[in-house]
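There are 2 protein chains.
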Amino acid sequence: MNVAQPIEWTSQGVVMLDQRRLPGEVVHHIYTDYRDVAAAIRDMVVRGAPAIGVAAAMGVALGVERSSAATLDDLRAKFPSICQTIAETRPTAVDLFWAIERMKRRFDQLATANASLDAVRSAMVEEARAVHAEKRATDEAIGRFGAEFMPAAGKVMTQCNAGALATAGIGTALGVIRVAVEQGHKLHVLVPETRPYLQGARLTAWELHEGGVPLTLITDNMVGHFMKTGTVGAVVVGADRIAANGDTANKIGTYQIAVLAREHGVPFYVAAPISTFDLTISSGEQIPIEERPADEVTHLRGVRIAPEVAVANPAFDVTPARLITAIICERGVARAPYTESLRRLAESASHSPRAGTAGQRSAM
Amino acid sequence: MNVAQPIEWTSQGVVMLDQRRLPGEVVHHIYTDYRDVAAAIRDMVVRGAPAIGVAAAMGVALGVERSSAATLDDLRAKFPSICQTIAETRPTAVDLFWAIERMKRRFDQLATANASLDAVRSAMVEEARAVHAEKRATDEAIGRFGAEFMPAAGKVMTQCNAGALATAGIGTALGVIRVAVEQGHKLHVLVPETRPYLQGARLTAWELHEGGVPLTLITDNMVGHFMKTGTVGAVVVGADRIAANGDTANKIGTYQIAVLAREHGVPFYVAAPISTFDLTISSGEQIPIEERPADEVTHLRGVRIAPEVAVANPAFDVTPARLITAIICERGVARAPYTESLRRLAESASHSPRAGTAGQRSAM
Numbered sequence: 001m002n003v004a005q006p007i008e009w010t011s012q013g014v015v016m017l018d019q020r021r022l023p024g025e026v027v028h029h030i031y032t033d034y035r036d037v038a039a040a041i042r043d044m045v046v047r048g049a050p051a052i053g054v055a056a057a058m059g060v061a062l063g064v065e066r067s068s069a070a071t072l073d074d075l076r077a078k079f080p081s082i083c084q085t086i087a088e089t090r091p092t093a094v095d096l097f098w099a100i101e102r103m104k105r106r107f108d109q110l111a112t113a114n115a116s117l118d119a120v121r122s123a124m125v126e127e128a129r130a131v132h133a134e135k136r137a138t139d140e141a142i143g144r145f146g147a148e149f150m151p152a153a154g155k156v157m158t159q160c161n162a163g164a165l166a167t168a169g170i171g172t173a174l175g176v177i178r179v180a181v182e183q184g185h186k187l188h189v190l191v192p193e194t195r196p197y198l199q200g201a202r203l204t205a206w207e208l209h210e211g212g213v214p215l216t217l218i219t220d221n222m223v224g225h226f227m228k229t230g231t232v233g234a235v236v237v238g239a240d241r242i243a244a245n246g247d248t249a250n251k252i253g254t255y256q257i258a259v260l261a262r263e264h265g266v267p268f269y270v271a272a273p274i275s276t277f278d279l280t281i282s283s284g285e286q287i288p289i290e291e292r293p294a295d296e297v298t299h300l301r302g303v304r305i306a307p308e309v310a311v312a313n314p315a316f317d318v319t320p321a322r323l324i325t326a327i328i329c330e331r332g333v334a335r336a337p338y339t340e341s342l343r344r345l346a347e348s349a350s351h352s353p354r355a356g357t358a359g360q361r362s363a364m
Numbered sequence: 001m002n003v004a005q006p007i008e009w010t011s012q013g014v015v016m017l018d019q020r021r022l023p024g025e026v027v028h029h030i031y032t033d034y035r036d037v038a039a040a041i042r043d044m045v046v047r048g049a050p051a052i053g054v055a056a057a058m059g060v061a062l063g064v065e066r067s068s069a070a071t072l073d074d075l076r077a078k079f080p081s082i083c084q085t086i087a088e089t090r091p092t093a094v095d096l097f098w099a100i101e102r103m104k105r106r107f108d109q110l111a112t113a114n115a116s117l118d119a120v121r122s123a124m125v126e127e128a129r130a131v132h133a134e135k136r137a138t139d140e141a142i143g144r145f146g147a148e149f150m151p152a153a154g155k156v157m158t159q160c161n162a163g164a165l166a167t168a169g170i171g172t173a174l175g176v177i178r179v180a181v182e183q184g185h186k187l188h189v190l191v192p193e194t195r196p197y198l199q200g201a202r203l204t205a206w207e208l209h210e211g212g213v214p215l216t217l218i219t220d221n222m223v224g225h226f227m228k229t230g231t232v233g234a235v236v237v238g239a240d241r242i243a244a245n246g247d248t249a250n251k252i253g254t255y256q257i258a259v260l261a262r263e264h265g266v267p268f269y270v271a272a273p274i275s276t277f278d279l280t281i282s283s284g285e286q287i288p289i290e291e292r293p294a295d296e297v298t299h300l301r302g303v304r305i306a307p308e309v310a311v312a313n314p315a316f317d318v319t320p321a322r323l324i325t326a327i328i329c330e331r332g333v334a335r336a337p338y339t340e341s342l343r344r345l346a347e348s349a350s351h352s353p354r355a356g357t358a359g360q361r362s363a364m
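Protein chains in written order, with my numbering: chain A, 1 to 364; chain B, 1 to 364.
FYI, nobody ran anything at the bench for these hints, they're computed from the structure. Check each hint, because a few of them may be wrong.
Note that the list lumps identical chains together, so a pair holds whenever it fits in one copy or between two copies.
Within a straight-line C-alpha distance of at most 20 Å, the following computed EDC-like cross-link-like pairs (lysine to aspartate or glutamate) qualify [to be verified]:
#: 1; residue 1: K228; residue 2: D43
#: 2; residue 1: K228; residue 2: E263
#: 3; residue 1: K78; residue 2: D36
#: 4; residue 1: K228; residue 2: E290
#: 5; residue 1: K78; residue 2: E285
#: 6; residue 1: K104; residue 2: E134
#: 7; residue 1: K228; residue 2: E285
#: 8; residue 1: K228; residue 2: E291
#: 9; residue 1: K186; residue 2: E291
Model the full structure from these sequences, guided by the hints.
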């Protein structure tokens with residue numbers, strides 16, 4: 001199956017698919033300067049937490065690989081500014097800081113060992129590629145654990161884009177669907193367009209279409225109608241943040257899809273890496289909701305579609321755990337009561353950004 | 001309170017607000033030829049069942065008033081073609097045919113009585129103005145019956161545009177809100193944008209803003225979030241067709257709002273004239289759902305926002321009666337069991353299009 005890749009390390013440089021121009025144009029950029037990678041992250045050429053993490057790691061690696069430094073001391077002097085430039089792009093992206101920290105630790109290890117300049121350069125590139133490979137492995141594990149919950153045939157629904165474009169792997173929610181299709185499930189995906197930013201219409205519809213997965217694009221207010229009149233076998237969505245009790249923050253609209261799923265007896269699955277678990281908060285009520293600019297609602301591609309009135313634009317909503325049939329991560333499947341099941345999975349994890357930043361991982 | 005009027009009879013001709021250009025531009029057209037009124041109906045300068053009925057009546061009246069006929073016989077010969085031109089504009093608009101039939105009956109009555117040409121002309125204009133006045137009276141009655149169900153203060157929600165722009169009165173659902181506001185209720189309206197055609201964003205937000213009613217525009221996938229996190233005191237929507245058992249067809253998205261209202265304990269009201277009652281069908285399952293063109297979903301104002309994939313675009317959905325707290329019409333308020341309450345109201349009605357076309361009304 002064709003999987004659209006948002007970012008790749010190549011001998012020419014870091015190649016990114018410009019997601020801002022999808023679905024109208026498929027444009028790739030080749031970056032040979034880490035400052036251009038930083039600009040690409042900031043300007044949302046790439047988006048989605050895991051993919052941003054991969055981009056950050058590759059940005060740091062690119063900065064090291066192409067640095068003009070002639071000695072290790074010289075490179076050591078230049079390194080903090082490379083990391084700083086990448087860090088200043090998306091201030092709320094947890095994966096970004098996790099990836100930078102990981103690259104810093106690797107650099108410190110190499111510098112402490114007085115590795116040769118060439119060895120440092122190739123080892124840092126290897127580390128960035130390892131980050132990417134781990135993200136891919138995470139998605140594939142989620143896909144395998146989740147596929148068994150997909151119906152043998154029929155309609156499934158997702159929301160937003162929890163796909164390859166967001167993760168740089170096969171996707172989380174879309175990874176589940178992909179693996180199921182590869183295993184022979186005859187799935188047809190209902191894709192809500194996901195206003196206001198239209199990630200469903202622009203990205204998920206494009207990605208599934210490119211991958212040869214049958215789909216139907218719908219507007220967000222058709223969800224209930226299709227659950228009532230068609231047979232939807234399952235809903236599978238991604239997550240931005242999962243509280244200790246299983247409450248899940250995800251793209252706006254996810255909550256009402258979960259309510260509608262429950263109303264119609266449709267199982268509702270969350271597919272997300274352990275890096276989205278935030279066990280420091282006991283429930284979703286503690287998750288702050290980002291309010292985004294009004295013009296995302298009132299304008300579309302620069303065209304005004306509403307008068308100048310008050311607008312609300314919460315980026316996320318919180319789906320209470322009671323509406324979630326199961327949470328699928330790379331280590332397995334959590335079911336209610338989530339406070340126990342999520343902690344058990346998190347404690348067995350080895351690749352969690354939060355675990356990493358909390359210093360629970362052994363040094364690389 | 002300022003009420004935007006979509007259509008008015010004036011001494012200069014029939015004045016229409018061009019709703020296609022809202023909210024960006026407020027443009028009025030003055031039509032002095034009935035063929036231009038027909039084109040305006042066909043091209044959706046005016047929309048909304050009751051407003052189309054008013055436009056049709058005014059179109060026929062304009063054709064008679066401005067006819068070159070020198071004798072009553074001459075006018076009698078020209079009259080069918082006027083009616084035919086107006087009838088060929090929107091083949092599924094029940095109110096259009098009801099209005100034309102009413103104008104025909106009035107013309108036949110005048111012709112049979114051998115009224116003078118001038119008398120026929122002024123009587124036909126009067127008849128069109130009477131149609132308009134009756135629509136206004138209907139809305140005002142609905143507004144009065146419905147206002148008491150609005151909270152004294154706080155948020156209410158609607159869907160699509162069941163407002164003045166659709167009815168040529170004060171609106172049905174928006175009429176309820178308007179009357180409540182005039183009576184002193186401190187309401188703030190949450191307006192879902194209503195994809196794909198954006199009647200909420202383009203028309204309802206504009207109309208409420210013009211009328212000085214506080215509102216917040218949201219996307220359709222924010223409904224559940226705001227019901228969960230804010231206090232929504234009531235939902236009030238219009239209707240396209242109400243079956244004998246109370247099942248209600250209305251703009252796509254209405255059904256899921258009703259499910260979400262029930263989930264959050266929010267009362268859900270339908271405000272619609274008796275002309276939308278279709279007691280010949282026992283339940284909503286018999287209501288066919290119009291499928292509209294894919295490009296309404298994939299394009300916005302000519303700009304492609306999705307790839308070339310399969311699209312669903314049902315114009316309406318059906319809300320089952322069990323989710324409806326009450327149905328408010330110009331004769332009063334129906335509550336479950338609707339099969340009895342709707343019939344009782346319909347049988348007491350004197351201004352119903354369907355009652356009219358069914359020959360139950362005395363000749364005018």
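Next on the checklist: I'd like to know which numbered hints this structure contradicts. Please list them from smallest to largest.
Outcome noted: 1, 5, 9
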